[in-house]
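Going down the list, the sequences are from chains A and B. Each residue of the first sequence is one higher than the one before, counting from 313 in the working numbering. Each residue of the second sequence is one higher than the one before, counting from 313 in the working numbering.
These aren't lab readings, by the way, just hints derived from the structure by calculation. Even for Gly, the Cβ is constructed at its ideal location relative to N, Cα and C. One or more of the hints may lead you astray.
Subject to a maximum C-alpha distance of 30 Å in a straight line, what follows is the list of computed DSBU-like cross-link-like pairs (lysine-lysine) [said to hold, decoys possible]: (1) B:554 <-> A:424; (2) B:424 <-> A:539; (3) B:424 <-> A:554; (4) B:365 <-> B:482; (5) B:554 <-> A:719; (6) B:554 <-> B:615; (7) A:719 <-> B:548; (8) A:548 <-> B:719; (9) B:719 <-> A:719; (10) A:598 <-> A:554; (11) A:539 <-> B:719; (12) A:554 <-> A:539; (13) A:316 <-> B:539; (14) A:474 <-> A:327.
Derived list of chain A stretches under chain B, where covered just means 3 residues or more per stretch with a C-beta under 8 Å from a C-beta of chain B [stated by the list, open to error]: (15) 324-332; (16) 524-535.
Facing chain B, a subset of chain A residues (Cβ under 7 Å, in silico) [unchecked claim]: (17) 420; (18) 512; (19) 556; (20) 557; (21) 675; (22) 691; (23) 692; (24) 703; (25) 705; (26) 707; (27) 725.
2 protein chains.
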Amino acid sequence: MSVKEDIAQISRAAKAASNYLASASSTAKSEALLNMAVSLMENQDVLTAENSKDLDAAREKGISRAMLDRLTLTGSRITTMADGLREVSALPDPVGTIANISRRPNGLQVGKMRIPLGVIGIIYEARPNVTADAAGLCIMSGNAVILRGGSESIHSNRAIAKLLQEGLEKAGLPKEAVQLVPTTDREAVLEMLQREDEIDLIIPRGGEGLIRFVSENSRIPVIKHYKGVCHVFIDKEADIEKGISIVMNSKVQRPGVCNALETLLVDRGIAGDFLPKVAKSLANAKVELRGCAESRALLPGIKEATEEDWHAEYLDLTLAVKIVDNMDDAIAHIRQYGSLHTESIVTDNYSQAMRFIREVNSSVVMVNASTRFSDGNQLGLGAEIGISTTKLHSFGPMGVVDLTTEKFIVLGEGQIRE
Amino acid sequence: MSVKEDIAQISRAAKAASNYLASASSTAKSEALLNMAVSLMENQDVLTAENSKDLDAAREKGISRAMLDRLTLTGSRITTMADGLREVSALPDPVGTIANISRRPNGLQVGKMRIPLGVIGIIYEARPNVTADAAGLCIMSGNAVILRGGSESIHSNRAIAKLLQEGLEKAGLPKEAVQLVPTTDREAVLEMLQREDEIDLIIPRGGEGLIRFVSENSRIPVIKHYKGVCHVFIDKEADIEKGISIVMNSKVQRPGVCNALETLLVDRGIAGDFLPKVAKSLANAKVELRGCAESRALLPGIKEATEEDWHAEYLDLTLAVKIVDNMDDAIAHIRQYGSLHTESIVTDNYSQAMRFIREVNSSVVMVNASTRFSDGNQLGLGAEIGISTTKLHSFGPMGVVDLTTEKFIVLGEGQIRE
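Can you build the whole structure from these sequences, using the hints too?
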């Protein structure tokens, strides 16, 4: 069978399964996820054996240590996957909730009911845990899912997907609701991106290159998340201790992730007090600073920031620093260089806090909190299928509710239009 | 200036204006719309004079009478545009509304705040009234708008857009928040569809050809609305009088629009009673029927329906009729041939009504009501920017709220992540 026919068949089977899933009870969906968790735990040996095939191939190819680490399945990582499925199985089912039924003058009752999107395509790179995490969220929200993982993790993904399908069948749900694309060449991705009659949404998870490739070639709506150039703005009325603690946590706690701080903006009115103190803590944590001319005058010895630094997502222990005139200047900088991910203001001034919240239109806007809280779990979504930094459909971290949409429902008693 | 540079400049100006609009007060936005309404009413002579240039050119080209009608601006149509702007100016402003702030275990308060999408591109055909209607909805929801109307209505559109810009300026808002693309060739559309860094959403309004062209060439999310193949299902426990009245209203009241009835599905258990009666009323209204074999046995003389008829959006006094085994069969037919627009069940049975509402996942699902209510105004949105028959972002008729999105807001007191 050609790749084209293969993807066509998978897509049609997914669409048929999605019609079934859309009406499945919360109980059946939860049960499927719990079955999956049990299967993963009971088959750790199989999973690690299959995973070691991937690891051997990866070592032969000479991939980086970081990638090798992401690829590795251990007992504890399998437990984390299983726990994730259990947590998602306990989330409230968004499907079928009805909001705001109101009565029209002619007596019609009009409201909106949540329904699944239908079929979700997930295109991802090395991490095999995405296979279970993404499938759990899609199933719980009543969607079928087509998983297309990277070639490096194909043995691990196949083993995991097989167990997920068993979990569905044991709960009386169609196994085609979770399908792994068996071929790993790019042609399969391109074919998926053309199946607009069956696939409702594409979520790419991986580097900027993957996301651009997917969004430039897709006929299907794509959730985009290019990068996270997050800012903390220290207002002139900031509490200095809170400021230091928030900057340190935002930058240092886990520098390699998208919600880590990349550029620190400091109001000129507090820079003389704040910058030397925070620079000392950052130096102790081995963070390299790159500053504007004015901040370099306060912090002798730090490197000069170039235009590139204001755009940079370092994902490392490096931080750009800029002194700004005031909040207007800070907001203008965020608009020009930000990635619409997460920005936080540190201030004790009520009006400044409210203005920042109103006027900064990134997907997550914070007052006096670490940017590291910008994550589905931390924000109370239970679990996260991805982050959207474009405004259509969802903006920011996405949970099960974001994998649904609302249809209108109209309850009448024979009304006709005049 | 080349078309490319032209569109680039318009897009960048729109983006700058959108940042201003996003923080504009409801009062300023309402005032702008009221100013626009006054200007339209005060300049009826100018508008009809410019419109007559379009009409002369159109007559020379020999366009259809229907299109000529859509193109014509009369005093009463200008009044309707002005009234539309006044109605939209009175709608509640969705921007800045905060929903569901909840407290996380660590004390962080997390909620969502509505913000405008940014810049909306409207691509439309002959109707000059879209210029004012779309601009009003975009401005009220805090967005800038780029309007690209068809060449047939260019003089009318330019005159209207000029008045709209005056209305903005009088209210202290930037006139670049409403811009009309001055060139009318397709290159301008293609250029717009590439400006993903400035334009957040494209709404095409026109025939299926236009919508396909736009969605196949766009890097920007597109609201799609291909067609409306709407169904009424007469359940075996339907009230026959209500059924006749709903079928007649859905089909005959305005057959040329997307929410008109196109296929009637009748449960076999009631077909013998129902079909001959409804056929009589339909015949009186000069509706031509095309039926399945079984319905033709009950209604001698009607044409045979082909596969094409089940797919057809007639937009005319023609109706396809099919007898189905039961609700499962009706739902299967709707899934196979429907366009996800609007479906209505006529029944007095509670369980059947609830099942139809749950299991039919079209954008508007009704019980005992005419499909003609599937319209933003009738459903209580105040006014409609368009209809989406795909599930991403919005599904069904879209009003001002659908021109916004939600960002996360996080109110902390110095929290950092453990």
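Hint validity - residue 725 of chain A Cβ closer than 7 Å to any chain B Cβ: holds, 6 Å
Hint consistency between residue 719 of chain A and residue 548 of chain B [alpha-carbon to alpha-carbon, up to 30 Å]: Distance ~25 Å between residue 719 of chain A and residue 548 of chain B Cα, so the pair holds.
Interface hint outcome for residue 692 of chain A [beta carbon to chain B under 7 Å]: Where the cut-off is 7 Å and the nearest Cβ of chain B is about 6 Å from residue 692 of chain A, the hint holds.
Chain B contact restraint on residue 707 of chain A - CB to CB distance below 7 Å: Hint on residue 707 of chain A: holds, closest Cβ of chain B at ~5 Å, below 7 Å.
Pair hint outcome, residue 719 of chain B versus residue 719 of chain A [Cα-Cα no greater than 30 Å]: Holds, because 22 Å separates the two Cα atoms, which is no more than 30 Å.
Evaluation of the interface hint that places residue 691 of chain A against chain B, nearest CB under 7 Å: holds, 5 Å
Interface hint for residue 556 of chain A, Cβ within 7 Å of any Cβ on chain B: Constraint on residue 556 of chain A not satisfied, violated at 10 Å.
30 Å limit on alpha-carbon distance, applied to hinted pair residue 539 of chain A and residue 719 of chain B: holds, 17 Å
Supplied contact hint for residue 557 of chain A, tested at 7 Å Cβ to chain B: At 6 Å from the nearest chain B Cβ, residue 557 of chain A passes the 7 Å test, so the hint holds.
Restraint status (C-alpha distance of residue 548 of chain A to residue 719 of chain B at most 30 Å): holds, 25 Å
Pairwise hint evaluation, residue 554 of chain A against residue 598 of chain A, where the allowed Cα distance is 30 Å at most: Satisfied, since the Cα-Cα distance of roughly 20 Å is no more than 30 Å.
Satisfaction of hint between residue 482 of chain B and residue 365 of chain B, Cα-Cα up to 30 Å: With a Cα-Cα distance of about 28 Å, the restraint between residue 365 of chain B and residue 482 of chain B holds, given a limit of 30 Å.
Comparing the model with each earlier hint shows violations of hints 15, 19; every other hint is respected.
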